[in-house]
Amino acid sequence: SQTIHQWPATLVQPVGSPLSLECTVEGTSNPNLYWYRQAAGRGLQLLFYSVGIGQISSEVPQNLSASRPQDRQFILSSKKLLLSDSGFYLCAWSVRGDTSYEQYFGPGTRLTVT
Amino acid sequence: DQQVKQNSPSLSVQEGRISILNCDYTNSMFDYFLWYKKYPAEGPTFLISISSIKDKNEDGRFTVFLNKSAKHLSLHIVPSQPGDSAVYFCAASGIYNAGNMLTFGGGTRLMVKP
Chain B
-5 SQTIHQWPAT LVQPVGSPLS LECTVEGTSN PNLYWYRQAA GRGLQLLFYS
45 VGIGQISSEV PQNLSASRPQ DRQFILSSKK LLLSDSGFYL CAWSVRGDTS
95 YEQYFGPGTR LTVT
Chain V
6 DQQVKQNSPS LSVQEGRISI LNCDYTNSMF DYFLWYKKYP AEGPTFLISI
56 SSIKDKNEDG RFTVFLNKSA KHLSLHIVPS QPGDSAVYFC AASGIYNAGN
106 MLTFGGGTRL MVKP
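Heads up: the protein sequence lines correspond to chains B and V, in order.
Residues in the first sequence are numbered consecutively from -5, following the working numbering.
Residues in the second sequence are numbered consecutively from 6, following the working numbering.
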């Protein structure tokens, strides 16, 4: 069966510090991968998606970046965090070409920027 | 421009009664719709979906209705249980988009009172 892991589960970082969140998927190959953010009391905002190694599409311009160094690894980064980067970050995957469009989410990372 | 809207941020229902969660969309290219359930500090989990070729899909206590002419869908939960208390997101997708991307609504918090 497929599983998706995210770490760390919680993170408190000062403004201006760097960020690296990691997501890995097990039990599947060539998945589509996604990073979302849920700000307090808000919906899910798609930040990045990837259809293959090294292929990253950004949905929202900001000080965050994403990379996919391996097929089942997706990393969200920032060189300098802003207060507005606080939120709940979710990684998700889907089966490439799946017409059901289902995405499967990880447990999330709670980021607090102080 | 919000393409998927959930106009009710919260809903309170008595245990055993029906819960009706609503969702509106504006993009006529959407042809597949999904509902996700999310508990605090967890990733969303898939609940039920419907293709635009149908107007109803049922799975146990959960039924999703789609009205394409009105660009409206609803999720019915009967009977509602306290464990159903969560935030519910509707999401939409279409064959036009690469990467099986989903567009999410802002969510509705359902509270089922014992």
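No wet-lab data here; the hints were simulated from the structure.
Note that beta-carbon positions come from the ideal geometry of N, C-alpha and C, so glycine has one too.
A couple of the hints might just be wrong.
[Claimed, not checked] Label-pair distances were calculated between CB atoms; the ranges are:
#1 Gln56/B / Ser17/V: 22 to 28 Å
#2 Gln86/V / Gly10/B: 44 to 50 Å
#3 His77/V / Trp1/B: 47 to 53 Å
[Stated by the list, open to error] Just a sample of chain V residues kept apart from chain B, beta carbon distances all over 12 Å, derived:
#4 Lys10
#5 Gln11
#6 Thr68
#7 Lys73
#8 Lys76
#9 Asn105
#10 Met106
[To be verified] Which residues of chain V face chain B? A partial, calculated answer using Cβ under 8 Å:
#11 Ala46
#12 Phe51
#13 Asp60
#14 Phe94
#15 Gly111
Query raised in the report: Any of the earlier hints contradicted here, and which numbers?
Result: As far as the earlier hints go, 1, 3, 4, 5, 9, 10, 13 are violated by this structure, in ascending order.
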